[in-house]
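Protein chains in written order, with this note's numbering: chain F, 539 to 903; chain H, 539 to 903.
What the hints contain is simulated information worked out from the structure, not anything from laboratory work.
Using N, Cα and C, we set each Cβ at its ideal position, and we do this for glycine too.
A couple of the hints might just be wrong.
[Said to hold, decoys possible] Below, a list of computed lysine-lysine pairs in the DSS-like style, where the Cα atoms sit at most 27 Å apart:
hint	chain 1	residue 1	chain 2	residue 2
1	H	K609	F	K827
2	H	K648	H	K698
3	H	K820	F	K619
4	H	K641	F	K827
[Unchecked claim] If you only want the chain H side, here are some residues facing chain F, beta carbon under 10 Å, derived:
hint	residue
5	H601
6	P606
7	C842
8	Y850
[Said to hold, decoys possible] Below, a sample of chain F positions facing chain H; criterion: calculated Cβ distance under 7 Å:
hint	residue
9	T578
10	K580
11	A581
12	L614
13	N849
14	G853
15	S861
16	E863
17	L865
Number of protein chains: 2
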Amino acid sequence: MKLNHFSVSHVEGKSRAGLLKTARGYIETPVFMPVGTAATVKAMLPETLEKIGAQILLCNTYHLMLRPGEKIVNQLGGLNKFMNWSGPILTDSGGFQVMSLSKLRELDEKGVTFRSHIDGKKFLLTPEASIMIQETLKSTIIMAFDECTPFPVEKEVAEKSMKLSSRWAERSKSSFKGSNGSILFGIQQGGMFKDLREESSRYLNDIGFDGYAIGGLAVGEPQKKMFEVLDYSTDFFPKDRPRYLMGVGKPGDIIGAVLRGVDMFDCVIPTRSGRNGQAFVKNGTINLKNAQYQLDSSPIDESCFCYCCSNYSRGYLSHLVRSNEILASMLLTHHNLHYYMGLMKNIRELIKRGEFTTFAKQFFK
Amino acid sequence: MKLNHFSVSHVEGKSRAGLLKTARGYIETPVFMPVGTAATVKAMLPETLEKIGAQILLCNTYHLMLRPGEKIVNQLGGLNKFMNWSGPILTDSGGFQVMSLSKLRELDEKGVTFRSHIDGKKFLLTPEASIMIQETLKSTIIMAFDECTPFPVEKEVAEKSMKLSSRWAERSKSSFKGSNGSILFGIQQGGMFKDLREESSRYLNDIGFDGYAIGGLAVGEPQKKMFEVLDYSTDFFPKDRPRYLMGVGKPGDIIGAVLRGVDMFDCVIPTRSGRNGQAFVKNGTINLKNAQYQLDSSPIDESCFCYCCSNYSRGYLSHLVRSNEILASMLLTHHNLHYYMGLMKNIRELIKRGEFTTFAKQFFK
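Work out the full structure, taking the sequences as your base and the hints as a guide.
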């Protein structure tokens, strides 16, 4: 019998506010995980991440197995000590990045053979290898190894892929040791097809995981399509397990997904767009490269109380962005992540007060 | 009569410990000024600079007049407000960078005509323009406009250039208003020739400045040559004014220059080398790109108590450098500037205790 690590404290419609217990502390959900691909959230100090309310970070297994290699991370104490972050860390399985970044990949029943995009070195990634790498990294939440189907995809292909992912999920579970108190999440696939999503979930539920992710979304489909899939996908999971929508997303995507019962998110948008000169404001984003901000003495957002908005004008940030200064990335990433952390906190409080549905309706108007 | 802004509290040989009063607060000398070329010390937050003991920053007039333009900086409140740094700021005159960075420059009695290295736009920089730009930027310490002679240089060329710089120094002084309580420094030139250095100083002393810089060094000459020039250069200045050696240097350069009576320094070495993966340690620098550090769990320097050394291993830093992560620049710049601030603090204390000469002898052994 598995100890349940997740408790839902408030429900409003399909939206849930809950608490996920990990070996590295509690996580209040719904939660957004800043992406720290190579064991660093780009341009952020870990202590600043903590200060702005980040509860858990995501690191990418594919990048870390290639550089510096999981054994080096392990010998330097594991991911937490390595990157000076004491809270929980979720690692993905590497499957998604192998397919999108590596060269000369070949997929068969066993796993994926590929060449590193850094130095061309050959690797074989299997469910067993992925789990072992994630345990060697000393990850807190480990993801099963899966194949992520693209969009659009023929049903036949989606079905074949989903069944392979299901067998890989079983092999992932079998090889998972749970050393360091880590927990294991399975990943639902099935493209945009309800019956495949349901079948995928049945496989996963039979195997039994500590949490369930929804994969194969945020792969280029329109938001409407994603919401259609989410309308039923979360229903196929047990209510007492956290649900994680991988790679999502913009604020509207997150609000819509929480409305449909999702608890966890990760996305490069706040960090990457910060490095590109974009800043989140109430009604979208502004691009600080635009000429109109060069003489603007106001902060990015008058109502924001982050370090960036408390001390710097749009005019100065515009200058930093135009000059390709590192400080531009530092300040804009800080602001954008502060925005995301504030959004998630707001969502949690609204659910607890039973006001989230009204807020979401207002938002989509 | 000019109010004297500088007081020497301790003298040991030619070395001095003193206090420079500026409109933005006191500066303990000998002091090192981190370089914030485009109104940002690359990869550093201003609050972190303050925390590690930075007393004054240097910004480059050439870069700021081109981007964003001094008028924009002024309209956004001046350099201090613009870049969120409340302490003193020294701006150079732009002369050095015009000659080293710009395109199609033409020098005559009036000044230098050049094209921006950013967009090819044409500018004319004169002593009057340089001073006005620096005042518009609201700089705390303003530098006279000069021509910096290269190394090596024929005596005839050095003499002609020094005399032009002297006339420009007079024009700089005449056009200086001292708005915002700013003070003005003159710059000694004369290549590696003692009589020219003496003549240059006589001109400057006759004009009268709040401080005196030594220009035309750190332009490629060996350290021995620089020390030879410094052996006499500082003697030509009044004892009750601060002396600033421009663009210097490595720790050994600084120690040798303080030994010869210099009070102020600036250099890109700690910041630039940090961005290139180099870190200062007791006996020089280490390059974190080297394979030997990949598995090294020790900090850059066991005896250093900076944020970087308190929290990160050489192994992790090596990974960040190899991955071109922004955090590598942030942490290594932090460590290197902390090292420089510690070095200067140590020098000040040693002078006050009369132990600096012994320390310097030991160092050069």
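Do the hints match the structure? See the list:
no.	hint	in the structure
1	K609(H) x K827(F)	holds, 18 Å
2	K648(H) x K698(H)	holds, 15 Å
3	K820(H) x K619(F)	holds, 26 Å
4	K641(H) x K827(F)	holds, 26 Å
5	H601	holds, 8 Å
6	P606	holds, 4 Å
7	C842	violated, 16 Å
8	Y850	holds, 6 Å
9	T578	holds, 5 Å
10	K580	holds, 6 Å
11	A581	holds, 4 Å
12	L614	holds, 5 Å
13	N849	holds, 5 Å
14	G853	holds, 5 Å
15	S861	holds, 5 Å
16	E863	holds, 5 Å
17	L865	holds, 4 Å
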